[in-house]
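S.K.: Sequence:
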Amino acid sequence: MGATFGDLIAVADVHWAETMEWLEPLELSWQAGERSTISELGQTALVLARYAERVGTGFGAQERETAAARRARLCAASLRETASVLQGDEESVPERCELARSLFMARQALGCGLDLLSAHFEVGERGLLPTTAQSEVIASPSSTEWLLTAVDGYASQLLRVVEKAGRTDAVAKLSEAILHAKPKRSPEDQGLRATTMPEPRAALEAGADEIELLPERIPLRGGEGRERALTGIRANVQWLEASGVPQSARTWRSLATSTLMTSEISGQILRLLMARCRRLDLPEATDALAEAEMAVGELADKWTGVTAVWREVSCDRRSQLDQMMSDAGELVVRLGRLVYADREWRPSANAVTKLVRPQVLAPEAVDVYMITRAVEDAIKAPVAVASNALAGLKSGQPTGLTPQGENQMKLRHERLYRGYLQARNTAAEAQQALGRATQFLVSADERRPGRLAAESFPFQAREALGLTGPEATRTRSRGPGKGARLTPG
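Numbers 1 to 489, taken from full-length UniProt numbering, label the letters of the sequence shown in order.
Think of the hints as simulated: they come from the structure by calculation, not from any bench.
Hints are supplied without guarantee of correctness; some may be wrong.
Straight-line Cα separation of at most 27 Å, DSS-like style, residue types lysine-lysine; simulated pairs [said to hold, decoys possible]: (1) K354 with K394; (2) K394 with K380; (3) K410 with K394; (4) K164 with K182.
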């Protein structure tokens with residue numbers, strides 16, 4: 001039998017208790033003010049904000065406004081403001097100190113618990129929709145009130161660390177969150193702790209052989225941390241893969257431009273990673289990344305050709321861009337903010353494209369691995385966009401063309417088809433090259449469970465109970481321890 005929500009809460013409680021222990025001895029409490037701890041405080045506030053947001057909507061099943069829902073939304077807003085204060089705009093965070101590691105493990109378990117509960121709902125047009133029998137228990141007023149009470153308890157512990165760190169700028173907002181979450185009475189969980197992961201549901205499409213489970217979207221926000229960015233990249237790509245054939249011609253053209261930028265920025269990232277691997281004396285990984293960079297460079301050339309064709313076709317500017325452009329645009333921005341020194345970078349004619357230093361992008365070999373995996377994920381987008389375009393061209397042509405554009409499209413139909421076909425094939429080759437590169441970056445030391453937990457967050461709830469290695473079973477120390485050429489349009 002798989003892990004229950006109660007199991008994950010128990011794991012979180014153990015690590016929370018350990019976190020509190022680090023605050024007691026005077027010779028150890030200095031860790032509360034460490035940069036790694038401050039970063040973890042911000043990330044933990046975000047996880048608690050996610051809980052409060054789910055409570056605020058009853059996991060999407062809320063039929064009427066309730067006092068608990070209003071309190072939860074106010075609590076979530078205060079927690080997000082707390083996180084924005086604590087996360088700051090630092091380019092990198094050093095190795096986690098002992099206190100930060102305990103907080104990290106508690107956060108992971110809490111995040112897994114929320115993912116377990118959310119797995120009983122699916123994304124609909126207006127939010128999450130219940131899909132299992134257990135979802136009724138999860139979304140019940142008593143359960144959501146109990147969850148809000150749990151948020152109050154964890155936020156109160158978080159406040160102790162924030163106060164010990166001397167972060168008075170965050171104390172007020174966190175205190176507000178606790179005030180909103182404070183229970184009116186002592187609710188019961190009504191079986192919530194016994195909730196397990198649901199059985200996978202087959203895809204709704206007739207004849208589908210594979211399971212399709214889309215992740216929750218990770219909204220893009222300013223100054224988001226590395227973990228959130230990598231998780232967001234993966235989610236953006238998965239939604240793009242599931243989006244199907246675009247409708248309006250403006251979307252076709254904008255997708256081609258965004259995909260070109262994705263390819264170009266991915267090449268820039270790989271060049272920085274090559275430089276870092278040379279510095280870290282990883283010759284095999286350097287050679288493998290060089291091979292992948294060449295393949296991604298060829299991919300950018302193919303998409304340059306596709307975008308050139310679209311510049312020759314007149315689109316009706318009154319037509320709307322399809323929803324998939326949101327994911328394509330966020331993917332470009334997230335990749336750009338990894339590699340460019342401007343933490344608020346967005347593609348524009350005047351965008352600053354000064355690259356970060358290789359050691360900032362990837363301080364250690366494990367970071368090289370994680371970023372390479374992110375690029376490997378990102379290159380799935382060109383495959384999906386090209387495949388969907390090929391399917392669309394076989395069935396007709398895009399809507400939203402001007403009369404002149406319709407004639408232009410007919411003349412360029414075959415040329416565009418060949419361009420997308422070449423782009424898809426080249427993207428598949430780039431994926432294979434990136435897969436080979438990641439193999440050279442994997443070793444027993446580099447893939448410690450605690451270090452790579454960030455890469456797979458949020459992950460399957462059952463994995464949280466199997467965490468082992470230095471992050472979970474350590475011995476306590478007693479001492480101190482070039483730019484994108486185009487803009488979407």
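S.K.: Could you run down the list of hints and mark each one as holding or not?
M.R.: Right, here's what the structure says about each hint:
1. K354 with K394: violated, 41 Å
2. K394 with K380: The given pair, whose Cα atoms are some 21 Å apart, holds under the 27 Å limit.
3. K410 with K394: holds, 13 Å
4. K164 with K182: Given pair K164, K182 holds - Cα atoms ~22 Å apart, limit 27 Å.
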